[in-house]
Structures are given as structure tokens and as C-alpha cells.
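J.: The primary structure of each chain is shown beneath.
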Amino acid sequence: MKKILHILRRESAQARPYWEDFYFETQDAGATVATALSSLHAENRISPAQGSRFRPVIWEHSCLQKRCGACSMIIDGVPALACDTRLSQLKGDTVRLEPLRKFPVVADLLVDRSVMMENLKDLSVWLEAEAGAGSEDMAFEASRCLQCGLCLEICPNFAAGGSFSGMAAMAPLSRLIARLPEEQRKQTARNYKKGVYSGCGKSLACRDVCPAEIKIDELLVKSNAAAVWNRWNSIK
Amino acid sequence: MKQQMPINIIGAGLAGLSAAKTCAEAGIRVRLISFQPSERAQSNLAEGGINAALNVMGEDDSTENHFRDTMKGGCDLADPNMVRNLTQDAPDIVMEMDRLGVPFHRENGHMVQRNFGGQKKKRTAYAKSSTGKVLTTALIDAVRKYEVQGLVERYPHHRFEKLILRNEAAAGVLVCDRYSGKETVMAGRVLMACGGMNGLFAGATTGTTANTGSAAGVLFEQGVEFANLEFLQYHPTTVSITGKRLLVSEAARGEGGRLFYYETDTPGHPEDTGVKRYFLEEKYGERGNLMPRDVISREMAMLGRQVYLDLTVLDEKTWKVKLSDLRDEIIHYLGIDPACEPVPVSPGIHYFMGGILVDEHHRTNISGLCAAGECACAYHGANRLGGNSLLGAIYGGRQAARTMIREIAEDMSAGAAYENTLCVDPESFQDGAADPADTASSFRTLTEEETLIQEKMSQILMEGMMPLRDGKLITHALTELEKLKARAGEHEKRTDEPGGFSDECRAKLLLAEATLRCALERRESRGAHTRLDFPQTDENMRKTTVVRYEKGEIRISFREISRL
Ligand SMILES: Cc1cc2nc3c(=O)[nH]c(=O)nc-3n(C[C@H](O)[C@H](O)[C@H](O)COP(=O)(O)OP(=O)(O)OC[C@H]3O[C@@H](n4cnc5c(N)ncnc54)[C@H](O)[C@@H]3O)c2cc1C
Ligand code: SF4
Ligand code: FES
Chain A
1126 MKKILHILRR ESAQARPYWE DFYFETQDAG ATVATALSSL HAENRISPAQ GSRFRPVIWE
1186 HSCLQKRCGA CSMIIDGVPA LACDTRLSQL KGDTVRLEPL RKFPVVADLL VDRSVMMENL
1246 KDLSVWLEAE AGAGSEDMAF EASRCLQCGL CLEICPNFAA GGSFSGMAAM APLSRLIARL
1306 PEEQRKQTAR NYKKGVYSGC GKSLACRDVC PAEIKIDELL VKSNAAAVWN RWNSIK
Chain B
110 MKQQMPINII GAGLAGLSAA KTCAEAGIRV RLISFQPSER AQSNLAEGGI NAALNVMGED
170 DSTENHFRDT MKGGCDLADP NMVRNLTQDA PDIVMEMDRL GVPFHRENGH MVQRNFGGQK
230 KKRTAYAKSS TGKVLTTALI DAVRKYEVQG LVERYPHHRF EKLILRNEAA AGVLVCDRYS
290 GKETVMAGRV LMACGGMNGL FAGATTGTTA NTGSAAGVLF EQGVEFANLE FLQYHPTTVS
350 ITGKRLLVSE AARGEGGRLF YYETDTPGHP EDTGVKRYFL EEKYGERGNL MPRDVISREM
410 AMLGRQVYLD LTVLDEKTWK VKLSDLRDEI IHYLGIDPAC EPVPVSPGIH YFMGGILVDE
470 HHRTNISGLC AAGECACAYH GANRLGGNSL LGAIYGGRQA ARTMIREIAE DMSAGAAYEN
530 TLCVDPESFQ DGAADPADTA SSFRTLTEEE TLIQEKMSQI LMEGMMPLRD GKLITHALTE
590 LEKLKARAGE HEKRTDEPGG FSDECRAKLL LAEATLRCAL ERRESRGAHT RLDFPQTDEN
650 MRKTTVVRYE KGEIRISFRE ISRL
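So the sequences go chain by chain: A and B. For the first sequence, the residue numbers in this note's numbering are 1126 to 1361. For the second sequence, the residue numbers in this note's numbering are 110 to 673.
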């Protein structure tokens, strides 16, 4: 398999962006965008400017098995995980790689997603007391959120700094709601409405892009029932 | 009384999170410093479960049983006092996690535990095949509360560069912000929770690429004592996928999976027509598939044939309720539905039993420096039991934090002598280590040559540290490593990029050498360390391998293990 990687690069946040092309060839049918990015050396460059120094491509990675949410980027125009995207499933000879657009770029394909963690702090996402009885299944599903940010990237209503925190906050809040101690209901409901319910336009584009395949619509229905409609007993 | 300097916790996986929470609960301030945010840590990858003798399965289990299985699984190389404490407190740890809302598997409202390797009772609490993820999520939430209160200050894209020593005690850390390239000195005691040394075996472990082993390398070079580096856990059921090894959780065997090979897989015979030989059951009886990992990996290596994991025996309900995520993962990455077809597996590097040497209180040989989690050598002896490392990380983080809290209290009531050494002007900590002007605003990565050197290093280590090793193999690896060090030395002289990365590269080469030297010096076979030239276990070698870098030399000694 042969591919050309067309990568939008930037040496630092302040530097001017530019495109650079790399050639990648592999026998590995399971090779992903992450495989390609890990294997780029100087000799993979296509027609580098005379005398220009090779700069390794910067991107975030950790698990390489779609369990950590590190490697989010835009692949051929679609927000996705590099380690979850097989080269063989991409049409055409050229793969276009860009950093997520909703977060500040640090360098190359690496973006700063701290706003996601800040949002969770603003929404007081923690249990104030011992977890109550509730729904293990719901808590499990919600716990699986990778904080990858892909749902935010695709969401028409999310902007960093806005009051809507998107599904990346819905999932962690739903984890609490699943086993919320009674005394915390009011506070969490308030935060849920503020950070999730009131801003969500229900486009559900997030559902299709979520690499953890979290059942976002089901979680939303359950959490709305409890936190918005005050039907806490519906969580079992 | 003056204000306490925050404790610097390096690493925000389960061990770091647990330590941060423990400190914050006691009102002690910490900085939680990690290469990446907690959501990316290896702890999230853990699958099968966490051990504690809750005795909920009607099997008459006890913490004493857990203690004995852990000691035996570790071939009596762990400190029995540490294991005693760990296993006694395990139920408390798991129940605390339950109170934090961790969705452990329940049936009719009651927690259910599963079988795991090397344990005679069902003792492993779990959430399908995502136990590490749900535990980490819960601890992240718990710590967030203290972030908002200002007790925990997060530095989530910061690399540990080196320890700052004052009068041979830990007085702070030098940390680099990966986003800006800026280096900062942070004064305070130090608690290492930086995970396993995966980067020594890059591309060949089941873990994360972010645990590069550089932090461990630097500490070793700075004189921190390490232990038992020869004990490297090969997990029997892994599969090579692009860029790493994919783990097929032991839970698969805990729920009934069986390992076999085809009798006739000789050339000329189609592979899957032969008789299935359930070789572990044949040799070890009914529980053969759940023998400890060292035993199974050794059997597989000796066998030298393709082994398969047969999960077709699991019923639909087990798949659905207990292992749906594992099935999805195998289908996704291997294109095999394990419910219908056996999965070809082989041993892969999975866990580091060795690491920073700590005592019962998680103290290292440097005062003011503690270590916990996978980076520390604790609890697991010559072979770790599955389910004991999540436990060891959460418990160890807590214990290390308690030690530091106690030390701070003692120091404060005795006039804060230690605390005072921490509060001197940070500028004077520089030790000529870093000139910020060198690095500011440049986002540094490895140079091409450094990448190649590290790739070669991993290759050499892999050959020397094969599951079945002998003196010749290890010596050969050491010779190759010597050549590589020379090449690295040349590069260091030539490189025009000043600062950390050459340091990191050099430190890792040193740690690689230490690892091989430990393997060479242990002239016996025990647990995960199998020497073909010394196949017997030698009772006189029931000692901890202690390795230290001193005056430019790697020194190895063997230390008595304390008694109960
Ligand atoms: C696939 C897989 C499955 C597993 N399943 C199980 C299981 O079922 N049961 C079980 O008990 N164990 C299991 N384990 C083992 C277990 O997950 C780990 O041993 C445990 O989570 C280690 O936790 P930790 O906090 O010590 O380290 P980690 O979770 O690895 O965290 C290390 C932290 O240190 C940071 N760090 C690393 N280097 C630096 C540096 N230079 N500077 C700054 N920060 C740094 C990282 O960013 C991270 O935050 C499994 C492991 C793997 C890989
Ligand atoms: S909800 Fe899905 S897409 Fe959004 S952050 Fe969580 S895992 Fe990523
Ligand atoms: S590297 Fe973890 S999700 Fe891709």
C-alpha cells in the first residue's frame, strides 16, 4: 500500500502554517494513520526545499488502540482518531491531515484541549458524597468517554469559551447522574442544564463521530429525564 | 508556621491520582505533573480487573489467601510485609472505588468477582474488559474537586527532566512544558508515579508510547537505586498489531477460555486440521489455563509453536454481559470474531516487576523521594499476578502519600528544617542544568539519529531479554549496546541541539545496560526470569537485585528480603 500524507504543519502556535508531503509505503494491511505518522523519517519527504532540515511531525499519541483519545485530528476532512483510521479504508492516494480546528494549535497536529478539563471543573464534575444506587450500565457507558474532543469538533453548537460544553461534558455528568447521591441532585441538575441541555441543538453529529461508540442519544435521554425533568427514579 | 511546599507528583495515572487525592484529603498541597492528561495514561488501558478478597463468591476467600497467592505467584521474591499490607487493605481500596461510583459488575445488586491467573478463588472485581478506564475516570473526578479547591495544581503537558538534589535529598524537579518548551524548577518533595519503562522496548509492549522510560533513566543516572530489572512480564496472550502488541485480557481465560495448539502444524499440513492439544490442561490439570503468566509464557516459548486462544466455548451471555468490549476490540483489530474462531496468540511484554527500589513505606534511597505504581519495584516479586497492579497502583499511591504527609508533619513540628531547604530562591536550584534561553519557544523532538539509536536499543534489549535467555545471549546484547553507546557518544558531541534529549537518550541507554546486567547476574531461573543455562531456582538467590549507578559505574548487589 502506498500513500502520500499531505500534512498541515506549523512549527509553533505563532509560526506560519504550511503544507508538507510525505511518502509512505507499507505491507501491513492493518496500518493506520498512526502507523504512518510514527514511521516518517527524513527520507519520506517528497521534494523538500533544498537544504531544508527535516522536522519530525508532532502529534499526540499514547495507546494506539483507541482507548485514550490522544490522537484526535482531521483526516481527509473528517474528525477521527489516527489510530482508529486504517489507511486502506481511505479513498485516493493522498491522505490529508490537519489539526482539530476548535482548539488552539501547539505545533503541527498537536492541539491544546485544556478547555475540556476547564469545562468539567466549571461544571463541578465530581461526587460530593458516596455514590448512590442507580444504574451500573449507565455509569459504565458514561465512564468510557475518552475526552478526545471529536464530538466537540463536529458539533455545530460548540465553541471553546462558550457556555455549551458538549457531549464531552455530557458523558462525565451522566456518570455522576447514574449514581448520584440525593443531596447532590439540585447542584448537578443546574450544571447539566447550563453546560449541556440548554446548548444542545440535537444535531447528534457527535454520535457518528464518537470513537468509543458511546450511546450518546441513550445517555442524553436518561440524563435529560433525571436532571431536566426531575425524573430521578427513571434511573435504575 | 510557614506554608508547606507542594509535593511534586510525577505521573497522573492511577498511582499519581491516588496519591494526589490522599494528600488533598489531608489538606496537603500537591502539583500533579504529567506528560499527558490522566485520560491518556496507561491505567486507562487495563482490562480484566482488580483483586481484593471481598469473599462475595461463596468460596470462603480471605485476605490471607490473597497474600499467599501473591507471594507464591511472585516466587517469594516480594517483601512479605508489603504484600501483607497490600492484601489486607485491598477490600478497603475496592470498596472506596465503589463509593466513588465505579460501575463494578454486579448481579442482583451484589458485586461479582471473576477468576484470574494464579489465584485459587474468584477474587477479581471488574467492569467488563474496561476496568482500568472506569477506575481512572472515577479518580479523575475525585481529584477534580481538589483542583477547584486549589489543593491540586495540574501540569498536564509537562515532562519530568530531572530531580533536583540538595545535600543528597530531593528538593524539587526540573520540568519542561511540552507546549512551550519552557523549563521550570519546582521546589518540593517528589513522588514518582511515572509508570512502566515501555520505551525501552518501543513498539513491542501492550502499553502506552508515552511511558518512554526516560524519567526512570534520568533517576537511575542520578543515583536512585533500582531493583529486579530482570523481571519482565511477558503476557501469554498478546497479538502483534500495527505499532504495538494488543492484549487479549486474562479475563478471557478467567471466564473459560482455553489455550491449545494443533498437533499437526508441521509443514505440509493445513494448520487447522490437526488435533487440538490443550497442553496446559494436560500438564497442569483443570486450572492449567489460569496458571500464573510466567508459567504459561515459558511453556509457550518452550513449545515454539503457534498457540491459539479458544474462546468459542464462552456462552452468548458471558460475551454480552462480561466481555462485549473485548470481543469488539478483537474483531476491530484482528478481523476475527473470537466467539466463532480461535485467536492466534503469543507472549508479549506487558509489565515491569522491577523499577525504583522502595521500602515498606515507599521511600527510596534518596530522602524526600518516594515512588509508587508500576515505576516502583513493590509487591510483585518475580512475577505479578493479573489484577494486582491496579491494586498496587492505587494502594501504593496512597501509601506513598501517607508517608510524605507524615514526614511533612514530623518536619514541621521539628522546626521545618527540611521545608526550609525547599524554600530557597528557585534560581539557585538551577545547578547550571538548564539555560531557559536554549529551549524556550522551541518544541523539541528527537533528532533523526536519536530516534534511530533508540530503535536499535529496543532491538538489542529485546534480543537479550527474550522470555528464554542465557548468558551468551545477554553478553552479546551487552556488547552490541556498548557499540551503540559509542555511536550515541559521537552523536552527542556533534548534535547542535542543546538540552534534554541527548540526556534522555543517554539515560535510557544506561538503564538498558542496567537491565541486561541484572539479567546476567541472576544466575538462576525464577518467575519471569528464565535462564536456559541456569534452569534451577537457587534458594540462596531469594534476594532482591539492587542496581545503582555510582561514580560512573553500574553496581549490582543482592539484598536480603525482610521477613514477616
Ligand atoms: C493493556 C493493559 C491491560 C492491563 N490490564 C490490567 C488489569 O486488568 N489489571 C491490573 O491490575 N493491571 C493491568 N495492567 C497494568 C496496569 O494498567 C498498570 O500497571 C497500572 O495502571 C500502572 O499505573 P501507574 O499509575 O503506575 O502508571 P500509568 O498509568 O502508566 O501512569 C504513568 C503516568 O506518568 C506519566 N509520565 C510518564 N513519563 C513521564 C515523564 N517523563 N514526565 C512526566 N510524566 C510522565 C504519564 O503521562 C502518566 O500520567 C494492564 C496494562 C496494560 C498495558
Ligand atoms: S463523547 Fe465520544 S467523541 Fe466526545 S469526547 Fe467522549 S469519547 Fe470523544
Ligand atoms: S493513541 Fe490512544 S486513541 Fe489513538
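Calculated from the structure, these hints are not laboratory results. Beta carbons: idealized from backbone N, C-alpha and C, even for Gly. Careful: at least some of the hints might be erroneous.
As the list claims (entries may be wrong) - Beta-carbon label-pair distances, calculated as ranges:
1. A:1327 x B:429: 26 to 32 Å
2. B:414 x A:1178: 35 to 41 Å
3. A:1333 x B:588: 53 to 59 Å
As the list claims (entries may be wrong) - Below, computed lysine-lysine pairings styled on DSS-like, alpha-carbon distance capped at 30 Å:
4. B:254 x A:1319
5. A:1340 x B:565
6. B:392 x B:254
7. B:254 x A:1227
8. B:602 x B:565
9. B:426 x A:1340
10. A:1318 x B:254
11. B:652 x A:1361
12. B:181 x B:254
13. B:181 x B:392
14. A:1246 x B:291
15. B:660 x B:592
16. B:594 x B:392
17. B:254 x A:1311
18. B:230 x B:181
19. A:1127 x B:429
20. B:291 x A:1227
21. A:1246 x B:592
22. A:1361 x B:254
23. B:565 x A:1128
24. A:1128 x A:1246
25. A:1216 x A:1227
26. B:594 x A:1361
27. B:181 x B:565
28. A:1361 x B:426
29. A:1340 x B:429
30. B:429 x B:231
31. A:1227 x A:1361
32. B:660 x B:594
J.: Confirm or reject each hint.
T.: Verification of the hints:
| no. | hint | verdict |
| --- | --- | --- |
| 1 | A:1327 x B:429: 26 to 32 Å | holds (29 Å) |
| 2 | B:414 x A:1178: 35 to 41 Å | violated (48 Å) |
| 3 | A:1333 x B:588: 53 to 59 Å | holds (55 Å) |
| 4 | B:254 x A:1319 | holds (19 Å) |
| 5 | A:1340 x B:565 | violated (44 Å) |
| 6 | B:392 x B:254 | violated (52 Å) |
| 7 | B:254 x A:1227 | holds (26 Å) |
| 8 | B:602 x B:565 | holds (19 Å) |
| 9 | B:426 x A:1340 | holds (20 Å) |
| 10 | A:1318 x B:254 | holds (20 Å) |
| 11 | B:652 x A:1361 | violated (52 Å) |
| 12 | B:181 x B:254 | violated (40 Å) |
| 13 | B:181 x B:392 | holds (19 Å) |
| 14 | A:1246 x B:291 | holds (26 Å) |
| 15 | B:660 x B:592 | holds (21 Å) |
| 16 | B:594 x B:392 | violated (44 Å) |
| 17 | B:254 x A:1311 | holds (17 Å) |
| 18 | B:230 x B:181 | holds (14 Å) |
| 19 | A:1127 x B:429 | violated (39 Å) |
| 20 | B:291 x A:1227 | holds (24 Å) |
| 21 | A:1246 x B:592 | violated (51 Å) |
| 22 | A:1361 x B:254 | holds (26 Å) |
| 23 | B:565 x A:1128 | holds (26 Å) |
| 24 | A:1128 x A:1246 | violated (42 Å) |
| 25 | A:1216 x A:1227 | holds (25 Å) |
| 26 | B:594 x A:1361 | violated (61 Å) |
| 27 | B:181 x B:565 | violated (36 Å) |
| 28 | A:1361 x B:426 | holds (21 Å) |
| 29 | A:1340 x B:429 | holds (16 Å) |
| 30 | B:429 x B:231 | holds (20 Å) |
| 31 | A:1227 x A:1361 | violated (36 Å) |
| 32 | B:660 x B:594 | holds (18 Å) |
The structure fails to meet hints 2, 5, 6, 11, 12, 16, 19, 21, 24, 26, 27 and 31 from the earlier list, while all remaining hints are met.
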